[in-house]
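Chains E and W are the protein sequences, given in the same order.
By our numbering, the letter at position 83 of the first sequence is numbered 83, and the numbering carries on one by one without gaps.
Quick note, our numbering runs 435 ahead of the 1-based positions in the second sequence.
If you are wondering where the hints come from, they were derived from the structure by calculation, not from laboratory data.
Idealized CB from N, CA, C, for every residue including glycine.
Computed footprint of chain W on chain E; a stretch qualifies when at least three of its residues, placed anywhere within it, have a C-beta under 8 angstroms from a C-beta of chain W:
1. 121-129
2. 132-138
3. 166-174
4. 299-307
5. 393-401
The following residues of chain E were derived to be distant from chain W, with all beta-carbon distances above 12 angstroms:
6. Lys190
7. Arg259
8. Arg356
9. Ser421
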Amino acid sequence: MIQEDVICSFCGCLCDDITAEVEAGAVSRVRHACRLGASKMMGHDRIKGPMIREDGTLVEASYQEAYDRAAQILLAARRPLLYGWASTVCEAQEKGVLLAEEVGGVMDSTATVCHGPSVIGIEEKGLASSTLGQVKNRADTIVFWGCNPAEAHPRHSLRYSSNVVGRFTPLGRAGRKIVVVDIRETRTSKNADKLVLIEPGSDYEVISALRMLVSGKAVIPERVGGVDKADLVALAEILKRAKFGAFFFGLGITHSRGRYKNVDNALSLVAELNSYTKFVVMPMRGHYNVAGIGQVLAWSSGFPMSVDFARGMPYFNPGETAACDLLARQDADAALIIAADPASNFPRSTVQALARIPVIQIDPYENPTTLLSKVVIPSAIAGIEAAGTAYRMDGLALRMKKLIDSPYPSDEEIIGQILESVKRQREMSAGGAAR
Amino acid sequence: MIVKGGTVYDPANGIFGEEMDICIEGGRITEKAAGEEIDAKGLLVMPGGVDAHSHIAGKKVNTGRIMSPGDSRSGVEPRTAVCRPSTGYTVPNCYAMGYRYARMGYTTVFEAATPIIDARHTHEELKEIPILDKGALTLFGNNWEVMECVHDRDIPKLAAYVAWGLQAARGYGVKIVNPGGGEAWGFGTNVKGVHDPVPNFDVTPAEIIRGLAQANEMLRLPHSIHLHFNNLGKPGNYSTALETLELLKDIKPSRRRQVVHVAHMQFSSYGGTSWKDFESRAPDIADYFNKSSHATMDMGQVIFGNATTMTADAPLEYANARIAHAKWSNYDIELEESSGVVPWVYGRKMLVNDVQWAIGLELALLTKDPWKVLLTTDHPNGGPFVNYPEVITLLMSRPKREAEIATQHEMAPKRSTIATIDREMDWGEVAVMTRAAPARVLGLAEKGHLGPGADADITIYDLKPNEVDPSVDHALVKKALAAAKYTIKGGAVVAKEGEILQAPLGRTYWVQAEVPAADAQRLMVDLQEKFDRYYSIQLSNYMVQDAYVANPVVIRPPAREAAKEVA
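Next up, chain W with everything else stripped away, as it sits in the complex:
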């Protein structure tokens, strides 16, 4: 297949708006190809979209569906010859996840948080999501074994546990959510900062974060630690964010990538001392990112309307439920985590929500290097992923932002700098934030670009970058982004002008890291004791079996001896 004459944006290969042909053979990008030609003359062509942080599968997503039948009633689409039926808006059913991402031109999506013991469930849902290539990050921030290794300063054993946990969960990377707080929530409390000791374990969140970052680099994992800060969602928490980032400055990355990826930065960029004097501190955060190079972030942009908040930060969800007098689901997970789910509404006339909306945009617009900021809504926490075209057009159009601000609470412009920002992103920057950067942050070599050897995941939008001014024609742009003219996945056209043409099952990435046998043996002594005494299931029934991982792609980080070449 050849995609002819598109205006190509492929930032990873230094291509910004060049007219060129893209050749596809055997599911990959090649130098030459024959066969079918797709006329993309003058149209916007990008790699398939990559989402590095979205809640698409597993227990908390399904809990969101079960507790909100009203949500499932919206967005209903019937079964077709190709598609299973779709339901839902903030918590779509599995099939809708695949179709809706594909329609927008996205082809790779990573689930952001899975406890090891719940990973079987996550994979059961992942294998029902069509089209997309997927992976799931594994939670490590509150595991007893992690805290005990950190307490003993035994990083090699901690690395062995991380490797074992990724294997057990068929997971892709190390996710840390409110470290220590999930354990504290087991008895109904929380940690208040990075140096606040975790009850009963004599370690601090700071020690957990540093320990896991060291283990992550010892294992040379493709992705860095992926961190949801302590105190997330609270006024004044920007100082916790900056304090936490400082903790990781001296850690040397084992690969060409960040040392820490900060999840949904918007929720951790808050000033003020309460909701009354709540304000944006996004400029301080962006300033920190501009001056440092060890961290990346994703936006966690807020979208007005319905959302469902779901996170392993269980105390946060309890606080949400109390603020909103909303229904509340909680799920504490033995020896590993806590989590919660609360349906939510972001109101256009709610001052706090307006400031949150502004913060996500400020972070993206004030951080100079787009490679440091991934575009997300932390689906469905800030809002559903189907709103990415809205977010992109907000970043590309100052007039659109001004029109939005005009509909908001009158105090809103005083609580952030959003109204003063001139910057309007171009297609190259958008391609970085939605394609090239997420792939690089995740360490996916064959994703997010269109160089030879890359997966033939390509989006063609019905937009002529040389003719359309996104600043003015933002409505047109938004419409074109919502339904790609063509979404090509692995060399096959899966969606055309909003219609799903085929729905093949994508791949599932997971990481198998090697550790010295002696470390693994020491670890297994600990684990056997934990299963004998504390877990409620047997060790032999714990690991996710191969039957659950559809089309697996196993990533094996280079062993320690060979590591120098990578570094």
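Next comes chain E alone, as it looks inside the complex:
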């Protein structure tokens, strides 16, 4: 059977034009997707069944045993961390917020080690943005700063940005000016009209210089961040001459020296450019629904990440309540990790802290986090084996489809079952105490 307009559950591009062929209960062929997306959709080595670690070894268990054990761990914890959430659907995330409220945990997403600084930058300055279709139809000038979509978001340029043809952009790539600002040449810069190489960690200074030039104040040093003044003057002119400019940024800004201050500065540059022309700015979100967890947390708790429910009401203070902070202080005494792999991506000391506490993992695939997990619960792959909502990097919500039946429960169901078990066991122990 052929399914049209399937939505890819890999990156923040959330391409919704994928054709998938389904045979004998499995995806047999994927068309239109990039290699990253196709690989995920075709599936590979899955965790076979739930497991609980006994005497250092993961031993097969039933789903109910795994749910109950997970619930016991969360109930026994003083400060449980519920982390991940970027590669699953909003329906599972909403259940996750309920679970975090129930156990008084801290809920944080992978944004904390990704575009978390962007969120803080937005708190400082707001975000002057648009949908990707707006860029497609209007942008004649595009800046990729500290990001490399050619490798991380392979269809971005073809569907939404550099190379796509739209209503007011009939010439596609030929009608656009593409600028890449980075610390090295990249595959993205090969498709650019102008590459501005800056010294690592100098984003803040370079953006500041551009803000000066854009506002007509030419008093900047002869070289900023390793870039000649003449080059920056030329870049400022390109930005101001745009009819519609789009500024995409990635971890090169959020995770180099300055972090959220870099983002604040970039957002300010774009806001100021709107005094001269039309300009929008957008973070290149990584996981397909990392934008969704920010939305879900915001509408349910008021805050988009690092939300602490220990007080029975939401509290947000990044630097205190973010996943890495909790682990670095060895504050978290249990963790539920869903659809993420902190063992691979977190700073070493925090991974060590994670290894010392009971960890519940929910994921379709084995990854290094599995090695330090106490309870492992395999799940269906959202967008292939389970339906649900995801938010694209520009904030548009789409409904992921279920293509095939799965023997695995969905993330939503797993979180729901753990929540039920938590309530049940809490009632039982309350009943026992009363007797």
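With the hints as your guide, set chain W onto chain E.
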């Protein structure tokens, strides 16, 4: 259930302060009932409150939350056995929206602006708002398809698009915001008046507004077009308001209701040529409404303190951000809209803010017929909806208004007529502005009244209208309005004396209008091309799926043949 002996205000049924019992059976008002009795002896009883214009769900609301963590830190209330935790003041989380409206005795609230392509997000939030019955108005004022149909003078095809768009968004009615200006903002400009052509589309705002009004009546939608004027928020814009209203005078309503509802009139009743000589022209606007019958408005009352401005009028938000040197979020939406969000503070000693405050009240007090003026703060643009008790008491008490004016900028009384107005509203007028009129303006037959068959949404306030003089005892009145003694929703007591007793999920209204198959087919040719060439998502992934609409109530306007009976 029977509510015994209340002093009932039910203006839609001609009841003004009569002592009577209200019977409830199966979630509706009935002639007779048995079971539980609620003693409301002498207390003020009204239908559940209806808010026809409030920004409660969707991308711009969530953007307001994300960019203002400080706002979410205020108003925090813990989780209880019944309630999820609450946060926020100007942009409360979803749960707080439901609880806080219910505490004030409100049971129905309509979200004021959703782009079709963003409607999935709006419904995701609506289904998280407990207790209230809801609906969402759908934005049509800047859609390429709308402008092209208007350009071709093809009203039947435009009607087909409106019907399709309402279905796609699971929307309730036609919202128009700064028509043409949202498209112009796609390249950073705006339209300057109703006859200023929209760049690249060769149509004017006037043509868009008239075209959509005609399509709206062709479809016999329950609600009229719901219009946010061009030039909103600018000194001197009252002339744009009057010019726009004149455009619609000859259009015949297809139902017993207005032809146009004007959103947050306060923001479009400005005189002067700049902020320096800024003054109220509310008397001119009220005079127009007194002499005409095709339009209704809501106040958009300003409340001193924090607000968050959020609107599909994106150029306005950019101007706000520049005036206030404030943080600015913008969101332009392919083929459909623009929008923006800017946190705001209305200052008691700021002359312009004082005049804005006066204008909202002038509009309500100088317009003779309360059925033409709905009470809103355009939440959270003028201020958060939790301040409705403040607005009501200002309308009911001249001494309270005088006390307020005394705290304001010394020049303020010279820039409006507010200090000279004697009128003090009574409970009947308040019941019209907060219940009966919003339900009628929206076309909700079972809301806003207490006749048999109506939804059993009832508010009982701890106030004895026969004993309390709101003119004098306004503080007492405000306190009683802030936390109803009982809020009954669908026959169940959901709130009592400020405490939420249960939080069932309310219904979501949307409108499914029929159009001739030939018009729909012509439309689909256009749409297929737009999705093939311009949208960044596929047509098959565009429509809001049924999974997102909790407890849907689908309103189907009468087909064209049967329409005569309605008219």
